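Which chain is which? The protein sequence lines are A and B, in order.
Each residue of the first sequence is one higher than the last, beginning at 1 in our numbering.
Each residue of the second sequence is one higher than the last, beginning at 1001 in our numbering.
Honestly, the hints are just simulated from the structure, not real lab data.
Just so you know, these numbers come straight off a predicted model, no measurement behind them.
Here a beta-carbon is modelled for each residue, glycine too, at the ideal position from N, C-alpha and C.
There's no promise every hint is true.
[Unchecked claim] Simulated coverage check for chain A against chain B, where a stretch passes if three residues somewhere in it have a Cβ under 8 Å from a Cβ of chain B:
# : region
1 : 60-68
2 : 81-88
[Stated by the list, open to error] Pulled a few chain B residues facing chain A out of the computed Cβ check, cut under 7 Å:
# : residue
3 : Y1048
4 : D1056
5 : L1060
6 : F1065
7 : P1102
8 : F1107
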Amino acid sequence: AQKVTQAQTEISVVEKEDVTLDCVYETRDTTYYLFWYKQPPSGELVFLIRRNSFDEQNEISGRYSWNFQKSTSSFNFTITASQVVDSAVYFCALSGNTGNQFYFGTGTSLTVIP
Amino acid sequence: GAGVSQSPSNKVTEKGKDVELRCDPISGHTALYWYRQSLGQGLEFLIYFQGNSAPDKSGLPSDRFSAERTGGSVSTLTIQRTQQEDSAVYLCASSLYGSQAPGEQYFGPGTRLTVT
């Protein structure tokens, strides 16, 4: 089965705290891709990152970092020194190598309190 | 450049009526996806178009749902005999699919459908 689980439904943090959003996936494919998207209150989803299954290097982009671990089928997302503008719903997604279907998690709603 | 556009932004319809939702993808993007997002839920895949290939319709929830993509560009999602459970935000996304690897998707603002 292809599935993405985001167990954290809602998270609230105080500004400047670090926060990690969890993502666990299931797939039968040996080649697959993982994504994170941000959906701010305005509604449009915005792409954050894509990772393929052969690249387990962690990635850092400014205050954002991603930890991909195939051994635990997880692709977690950490925001360092959170800001109010980070408040949004964050979705983790999985796609097989054909790109036909994307499987999205149910999202984690992050609220950063000033 | 212009992003993905969708119309209408909001649609209120009576149960049993047919509705058409439109998506204009980013020019040059060969892959186009439709999703449904219900309140508090993730995105539910509906259908996928890739170039001139036959679409992947495996996510359509019933035969009341259909979609087409004309000329490899604009796409229309049609829901016949709408039901209240069809109420949701319908999102369209396009992607530059230049290889065997799925690329990042660019999402439109969505159409909020309310069936009364």
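Outcome of the hint check:
Proximity of the region 60-68 of chain A to chain B, defined as three or more residues with a beta carbon under 8 Å from a beta carbon of that chain, is not established by the 0 residues found. Given as covered by chain B, the region 81-88 of chain A fails the check, having 0 residues with a CB less than 8 Å from a CB of that chain where 3 are the minimum. The beta carbon of Y1048 (chain B) is positioned within 7 Å of a beta carbon in chain A (closest approach about 5 Å), and the interface hint is therefore held. At its closest, the beta carbon of D1056 (chain B) sits 5 Å from a beta carbon of chain A; the interface hint therefore holds under the 7 Å criterion.
The interface hint given for L1060 (chain B) is broken, as the beta carbon of that residue sits about 12 Å from the closest beta carbon of chain A, more than 7 Å. With a least beta-carbon distance of about 16 Å to chain A, the hint placing F1065 (chain B) at the interface is violated under the 7 Å criterion. Interface hint at P1102 (chain B): satisfied, since its Cβ lies 3 Å from the closest Cβ of chain A, which is below the 7 Å cut-off. Taken as an interface hint, F1107 (chain B) checks out: its beta carbon lies about 4 Å from the nearest beta carbon of chain A, inside 7 Å.
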